[in-house]
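Going line by line, the protein sequences match chains A and B. Quick note, the first sequence lines up with residues 15 to 388 if you use the numbering used here. Quick note, the second sequence lines up with residues 530 to 605 if you use the numbering used here.
Check the hints yourself; a few may be wrong.
Derived EDC-like pairs: lysine to aspartate or glutamate, alpha-carbon spacing no greater than 16 Å straight-line [stated by the list, open to error]:
1. A:194 x B:562
2. B:568 x A:191
3. A:160 x B:583
Have a look at the derived ranges for each label pair, beta carbon to beta carbon [as the list claims (entries may be wrong)]:
4. B:583 x A:208: 23 to 33 Å
5. A:65 x B:546: 44 to 54 Å
6. A:251 x B:555: 50 to 60 Å
7. B:595 x A:191: 43 to 53 Å
Pulled a few chain B residues facing chain A out of the computed Cβ check, cut under 10 Å [unchecked claim]:
8. 533
9. 535
10. 563
11. 564
12. 570
13. 577
14. 578
15. 586
16. 587
17. 588
Hints in this document: simulated from the structure, not taken from any laboratory. All C-beta atoms, glycine included, are put in the ideal place defined by N, C-alpha and C.
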Amino acid sequence: MDEFENEIKKYGPEWVILLLTSRNNDNDTDKILNIINNNKIDWGEIIEQAIGHKILPMICYTFIKNKELYETLPPWINQYVRWIYDMNVHKISILKNKAIELTKQLENHEIEYAATKGIVLENQIYDNKGYRYMSDMDFMVKPEDKSKVINVLKELNYKMGRIDWTENKLRELTREEYIKRVFETNKIPEYGIEIEDPIFKVINIGFIMTFTWKQCEYNDIPIENAFIYNISRKIGIDNLEIKCLNDVYHYIYIILHLYKHAWAGYFSSQKKRSDVNLSRFTDVYRFWKENKNQLVTELPKIIEKYHIEEPIIWTLKNTDKIFNSNIIKDLKFDEFKLTYDLNSTKDRKGNLIKLKGDIVERLYSKNRAELFEE
Amino acid sequence: MVEEIKEILKSILDNENISQITEEDNLYNIGLDSLNVIKLIISIEKKYNITFDDEDIELKNWKNINRIKGLINKKI
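Just chain A, same shape as in the assembly (with noise of 0.2 Å):
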């Protein structure tokens, strides 16, 4: 039987079009072409999905940089893959120079910081080609530097506040949503800037505070531990460089913030795009490929020394899921018993819900509320 000929059955080709894309093994594009080749295709889910799971950059690039795959496209899309795929690395463009604005006055104030998730896997594990999607940019700093850094902020003129989607500008918090942020005292409150460019008028930035998050049930790694290791990358424009955690230590962040995602109660909260989305595996994953020799011997240290286990295992079991790897055996964790099931997650509240289905259900899933276990 071919891989996930399982899969195409029961969730259709187009979401094994989703999953080879987002692993991109060696000869995942082939098997991409046999699908369409061998199936009727509906591009319109291929695209709903991919927006849902933030990895439709990837699929425009996917089919972009192969002829024959691009030839597969019906007409009507074959201009936009082009277009989505531009505007993607247009706004990386802009993200990474903005990061090296700041970083450079972080630097100047003495904030010890380290740039984390898409600004430094962009050029670290996808190449440097712009099809990762980034919303925002994401750094780590150390509590005690809070207000410096929001002194910086203020400095080159970035103000709280989110974007507003139907005016492609900045808008104040709400007192609501702001007083939601003082309560997260992991993070500082989102803040933002407006800019000139014709199509992206806002950039947002955050600023996490711990590896974990508010009642999160595991321990916390201190900044201050990991910030020691911090290592510098280029990040893909001129040779300009940013200070990032160091390869273990960011895996682990990027994990711990999936795990977040999948267990602090955005299942049952009706906004789907906060609960786990096949990007975050997809980072797991190929961060693993690229830089498993390392990871082999360093991260069994360090998951056991802040004990860990339970989310970086039940994590990475779920990533072996999805894309047939095997990380858990790799990592000779597989005797490694679970305290939650892998099919599980917790309301807002903390309550543990059961879900019908596994990991790759949860995903393929448009309504999430069908997959409660009665």
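The hints should help you fit chain B onto chain A, whose structure is shown.
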């Protein structure tokens, strides 16, 4: 002021027994939580035309009616 605070609590917690609680009773034991405390803060701010500072907003400051009274009196 106590009765006004109780009225606001009644509307947020949807609990008729609020009128019987004392000024020292722990509100987090009768249904107040980190989600609806935001509504409480905003309602109090609107009622008294005040804006609390970040340190006033901490969850522990909303534990009972006595503390809430103290916060309001600091502001008006």
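Outcome of the hint check:
About 12 Å separates the Cα atoms of residue 194 (chain A) and residue 562 (chain B), which keeps this hinted pair within 16 Å; it holds. The suggested pairing of residue 568 (chain B) with residue 191 (chain A) holds, with an alpha-carbon distance near 11 Å, which does not exceed 16 Å. For the hint pairing residue 160 (chain A) with residue 583 (chain B), the CA-to-CA distance comes to about 14 Å; that is within 16 Å, so the pair holds. The hinted range of 23 to 33 Å is satisfied by residue 583 (chain B) and residue 208 (chain A), whose Cβ atoms lie roughly 25 Å apart.
A C-beta distance of roughly 48 Å is found between residue 65 (chain A) and residue 546 (chain B), which places it inside the suggested range of 44 to 54 Å. The hinted range of 50 to 60 Å is satisfied by residue 251 (chain A) and residue 555 (chain B), whose Cβ atoms lie roughly 54 Å apart. For the pair residue 595 (chain B) and residue 191 (chain A), the supplied restraint of 43 to 53 Å is violated, since their beta-carbon distance comes to about 29 Å. Interface hint at residue 533 (chain B): violated, since its Cβ lies 20 Å from the closest Cβ of chain A, which is beyond the 10 Å cut-off.
At a threshold of 10 Å, the smallest CB-CB gap from residue 535 (chain B) to chain A is about 22 Å, leaving the interface hint violated. A least Cβ separation of about 6 Å between residue 563 (chain B) and chain A falls short of the 10 Å threshold, and the interface hint therefore holds. For residue 564 (chain B), the interface hint holds, since its Cβ comes within 10 Å of a Cβ in chain A; the closest pair sits about 7 Å apart. Contact between residue 570 (chain B) and chain A, as hinted, is supported at the beta carbon level, the nearest pair being about 6 Å apart and thus within 10 Å.
At about 14 Å, the closest approach between the beta carbon of residue 577 (chain B) and any beta carbon in chain A exceeds 10 Å, and the interface hint on this residue is violated. Among the interface hints, the one on residue 578 (chain B) is violated; its C-beta lies about 13 Å from the nearest C-beta in chain A, farther than the 10 Å criterion. This hint holds: residue 586 (chain B) has a C-beta 5 Å from the nearest C-beta of chain A, less than the 10 Å allowed. Hint on residue 587 (chain B) holds. Least Cβ distance to chain A is approximately 8 Å, under the 10 Å limit.
Here the hint on residue 588 (chain B) is kept, as its CB sits about 7 Å from the closest CB of chain A, short of 10 Å.
When held up to the earlier numbered hints, the structure conflicts with 7, 8, 9, 13, 14 and fits the remainder.
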